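**Student:** Below, each chain spelled out in residue letters.
There are 4 protein chains.
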Amino acid sequence: MSEPILAAVMTAPRRPIELRDFPRPDLPAGAALLRTACSEVCGTDVHLWHGRLSGVPYPIIPGHVSAGTIEASRGRITGIDGSEIHEGHRVVFFDVHRTCGRCRACTVHRTPTRCASRRVYGITDPASEGLFGGWSQAVYLEPGVAMARLPDAIAFDDYIGGGCGLITAVHMIERAEIRLGDSVVVQGTGAVGLSAIALARLSGASRIVAIGAPESRLSLAREMGADVALDVTRTSVEERRQAVNDLTYDECADVVLEAAGAAAAVPEGLDLVRVGGRYVIGGHYTDAGPATINAHHQINRKHLEIRGCWGSEIRHFLRAIAILETNPSIPFRKIGAQRYGLEQINDALADAEALRIPKALVDPWS
Amino acid sequence: MSEPILAAVMTAPRRPIELRDFPRPDLPAGAALLRTACSEVCGTDVHLWHGRLSGVPYPIIPGHVSAGTIEASRGRITGIDGSEIHEGHRVVFFDVHRTCGRCRACTVHRTPTRCASRRVYGITDPASEGLFGGWSQAVYLEPGVAMARLPDAIAFDDYIGGGCGLITAVHMIERAEIRLGDSVVVQGTGAVGLSAIALARLSGASRIVAIGAPESRLSLAREMGADVALDVTRTSVEERRQAVNDLTYDECADVVLEAAGAAAAVPEGLDLVRVGGRYVIGGHYTDAGPATINAHHQINRKHLEIRGCWGSEIRHFLRAIAILETNPSIPFRKIGAQRYGLEQINDALADAEALRIPKALVDPWS
Amino acid sequence: MSEPILAAVMTAPRRPIELRDFPRPDLPAGAALLRTACSEVCGTDVHLWHGRLSGVPYPIIPGHVSAGTIEASRGRITGIDGSEIHEGHRVVFFDVHRTCGRCRACTVHRTPTRCASRRVYGITDPASEGLFGGWSQAVYLEPGVAMARLPDAIAFDDYIGGGCGLITAVHMIERAEIRLGDSVVVQGTGAVGLSAIALARLSGASRIVAIGAPESRLSLAREMGADVALDVTRTSVEERRQAVNDLTYDECADVVLEAAGAAAAVPEGLDLVRVGGRYVIGGHYTDAGPATINAHHQINRKHLEIRGCWGSEIRHFLRAIAILETNPSIPFRKIGAQRYGLEQINDALADAEALRIPKALVDPWS
Amino acid sequence: MSEPILAAVMTAPRRPIELRDFPRPDLPAGAALLRTACSEVCGTDVHLWHGRLSGVPYPIIPGHVSAGTIEASRGRITGIDGSEIHEGHRVVFFDVHRTCGRCRACTVHRTPTRCASRRVYGITDPASEGLFGGWSQAVYLEPGVAMARLPDAIAFDDYIGGGCGLITAVHMIERAEIRLGDSVVVQGTGAVGLSAIALARLSGASRIVAIGAPESRLSLAREMGADVALDVTRTSVEERRQAVNDLTYDECADVVLEAAGAAAAVPEGLDLVRVGGRYVIGGHYTDAGPATINAHHQINRKHLEIRGCWGSEIRHFLRAIAILETNPSIPFRKIGAQRYGLEQINDALADAEALRIPKALVDPWS
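Chains as they are written, first to last, in the working numbering: chain X, 1 to 366; chain P, 1 to 366; chain Z, 1 to 366; chain W, 1 to 366.
Among the hints, a few may not be true.
As the list claims (entries may be wrong) - Partner residues are not named here, just some residues of chain X that face chain W (Cβ under 8 Å, in silico):
1) Ile80
2) Asp81
3) Gly82
4) Gly101
5) Thr107
6) Glu313
7) Ile314
8) Leu318
As the list claims (entries may be wrong) - Covered stretches of chain P (in silico footprint by chain W; criterion: 3 or more residues with CB under 8 Å from a CB of chain W, positions within the stretch not fixed):
9) 169-175
10) 197-206
11) 309-323
Think of the hints as simulated: they come from the structure by calculation, not from any bench.
No experiment lies behind these values; they were computed from the predicted model shown.
No residue lacks a Cβ here, since even glycine has one placed at the ideal position from N, Cα and C.
Isolated chain X, as found in the complex (with noise of 0.2 Å):
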């Protein structure tokens, strides 16, 4: 047990990461040691990379959502539904903690995803501070946070594809209220929206269609569920728009999910959902600068309703893992598109900032 625990560590923006080794943690009562079967890179940690989170403590150890064993642990361990975890357990665990639910974000308000004191795996904690990340061959797991166990019906591998973009999309798809039978636009066919995607199926949307490139995530968004995916750099915002009529009574759709992240998709959105219909706002995590919109046309008059969608709480980290487990054949493996060792991790970072991939699936032990 005494062998030092390797770990890749993002230093500072744009710098390549470097592989360090970090000793084995001891464990207070209620902590225990993950052995890492498998993490992520995904578009936020190109977004860390670029440096375009602010307040972000480098140097960190990135991934942010994992899975694994559990390796050795301190005391009772519970998971969120009460039942004992031990060591061997297959476990994934949600990477917001330190979430206080005492503020006012997160009594009076009820938007915990805003707390002061929430603190994120991968992103917001600092190495110094010891195995906050995925990019290791073992994650610390503090007192306090979220466990469950993995059913063993899920590999580690479906769950990362799945992975934090499951887990927002959840949460999306919850804000975004679709009922049976509504027609749906998915705006961005990266990890979240590629999720999307097939939640909106789950949830009885009657007629999808994804909005992005490049052509293989495309046909990926069709094999999630898409009815039509469109080239957003080989058809015109007139093109787009009349293909979601076609669909929809000449309405456009009841709703829009936006998981592009551009500015210009905001106003598109707006033109393509119908009056009185939902636009839901999940994927701009970081500034892509300014958006021009007609508050007459495309707000007022239209009777909208466009909610913001922030981070995510337990209960969809908690139901991103049923609908795994009852819906095997949805391809959410696919998303991670391919598999990296830590010495790997800069090809990985560099295939996901090119778009080659959605998403790679790190593998310490490779």
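On the provided structure of chain X, position chains P, Z and W as indicated by the hints.
**Tutor:** Leaving out everything else, chains P, Z and W in the frame of chain X:
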């Protein structure tokens, strides 16, 4: 009963209003003729005169919200509550008529304010079809128009003081889902904004900040219930934001109601809502030009809800009457600052256009 | 075009149904005559025959949901989506007509299913007024009836297999606000319950438990999507509760849908919902007698939501068509277990009364 | 600082309350000692004394809602709004503590009032653990308890006059979603009902009917804002229904709030809500026995919503403080009809049990 009826006609945008005689209409079964006691010149009439609403069938008789006494009727006439309406009754009516109740907007989407068959007295009904506006000694109430008796406790001037602005504000308040204790900002101190202030107060708002101009309206805003009324022409965006923060734990307001109709109000309004709050956009009846927003900072990260609010429905009309009846101490009457006869209607329009008054009362018999 | 039309008439409760000739109606502008391809005998028809609905103007032509081909029409006839309807078109219509759209129920309370003017084909329309029911070779579609073309992909028998039960179930599912991943119990495996199972599945329910009888319906319940189907006559309340708990972390179900119409279902249903869950009561069309509940244990302490669900609206009718079109693999057709001609209508009624079939299809031309 | 602290102890149901000395507690970091200025004897305390709540760890120090001055603290103590709390500050606290924020009730179902870890001062905390109740000269505020400074404008007696009943009523009003102009019936004129009347009025209710007894409470109900207050012991069910209909177009009330805690209130309440209205059941803290309802007439056909309301959350506690601060003219203080010292605590309990007072104020220093 055969003498002609005098009415004011807007023949085309920016042309002087003309007075004309109209024949007394034959009434089919279910129709009534209302002797007009009071009508109004509101901001929409100024828009009409500027030619800023599309599809208006000039010449028209303006005056969409009006009140009076039933002068004649044919067959059985009932109010919305099923009670009979007779000659001599003091009556008000809902200006929106011919909503079809069958189309997809009416039935599937539950957005009857966007029904394509919908017509509005004083706005979309041509003078060639008859007395469909309140700038007239009498108004023709066609079969199917939603009527209600005006309680004796409400003077005609009180009703028109509230008028269309009050009915619109009832809808905005419903859409805002104000909860007991919410802090509220109202952008705009015209007829809608002033009513919205009073309704926010009645709904249990803890703190209300009004933003508008000129000083006479701000003074009235305070009378309607605003704790603080800020002059938009004499304060900076930063000063206004600070004033809101000072009343709201530095969080910004739970709810912001846009009743300003200016493009610049939208980005400012987004900044004045707290994380997880609600922003209702109800003042953009016409195209006020493009607004620049930031989807990351102002919507996504704020987990915001933005709700467009278009037109109004019968229930808002009825609630407006009930509010006037049960709250006689609220000075809705003062919104209708001054009375004008039909001969003075061009002056009334000029005064409204110059913002010298929030609204003019029209008395076609003075 | 002058030969008479044969129809089956229910002259009074518990009297044999009689066949009678009716004259072919003159059509006013906006009306149409539908050559009936298929109608149904459902549970409501059994209630009608038992005299358990109040205010029914016997004699009536039963058959509230029906489908056919336009045989004649006068003037311009349009569907709800605004498209024209011509002779020869395959058409279905919403059985509820004459909803006024003006009264307090329609406008203030938004409960049009309780509009006092509302009439229903096959239930509240007397035979003395004409062909207002589907147990007839033709149905008179009066002006204003909401029609829609039946997509070619939907056979008449598929549509009636779903029929009124499907439309009711669409409303119940809307009222239940099922969220992706919810566990659902459906009480009752008649036409409504069977459809509700399928719709819960389409809406993303993770687990569905059906409770009903007899075995043939339980078998169909499994085909419609139930994970578990329990025979209410062969299991105890405790066994059923245990079965639900086994699928739901011992918490009971997120949502319970009551489509049983038995008083005993209510207290059991309250026990099968989890704390904070939703219980939709939609099966009590008629008075099934008193139920005994405990407000502390079953409502207050459970922080429960109970929602009555009465009738249906045009949007449920349209969603039912869309669901049939996009989900051809769901065996709605099997709910309409058997076809009967008009000569066999008393047999059909007897089979439905004895629960030998969930529903009979009526083919007035066989 | 070493003298003992005098507290009143309920040793077992129906035994006289005893006064005992407790040692002054050692404070861990984050804890504080509150010198009690005022606590209360409410209906729940009567239930406690009757032994009607399950799982109470007698002996206990009752008094769940209390107010006072910080006498001692250790480490940094902050209120819910993040501001620091120091010795000498006037402070109130939320009686519910140890809600875990991690379990399925807290996170998945968003029903923290049913968290299994939840404890409540004065009810579920044993005297053996220390000063966890307000019938004591000091209350131990353990780390994590949610505190807020009491604004100077609110006297201690005002705060306790509202007390637990006000906080419960804030939750019920939230759950009722009262809209401006709604008619409201409040069943019960105890501490919860009286507060609910005031809050319904503040929320914009147009008409409020209170049902309760005895006359002294009905008189206070009128002062709190009821338009009509009916004596449940001197009127028949029919008379009460007629009284409600007289104020509501013969439709019954938009909203009924149950704060009576009697089984008979439930069927009556269901009859007093209009079609499509809302019925909030919040008064059944303990088992008041079975109620007989008719699901057809009272729920299904009425398209009703019934909502149980259990306990309260921090946001209700905070809103209660804000309401007291901004509405000094509402006589919440009168609910706490009379002051008692610790020596008189058995008298206070007897007076509350006999309904001679809605609530007793406890001043442990008198």
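**Student:** Looking back at the hints listed earlier, which ones does the structure fail to meet?
**Tutor:** none
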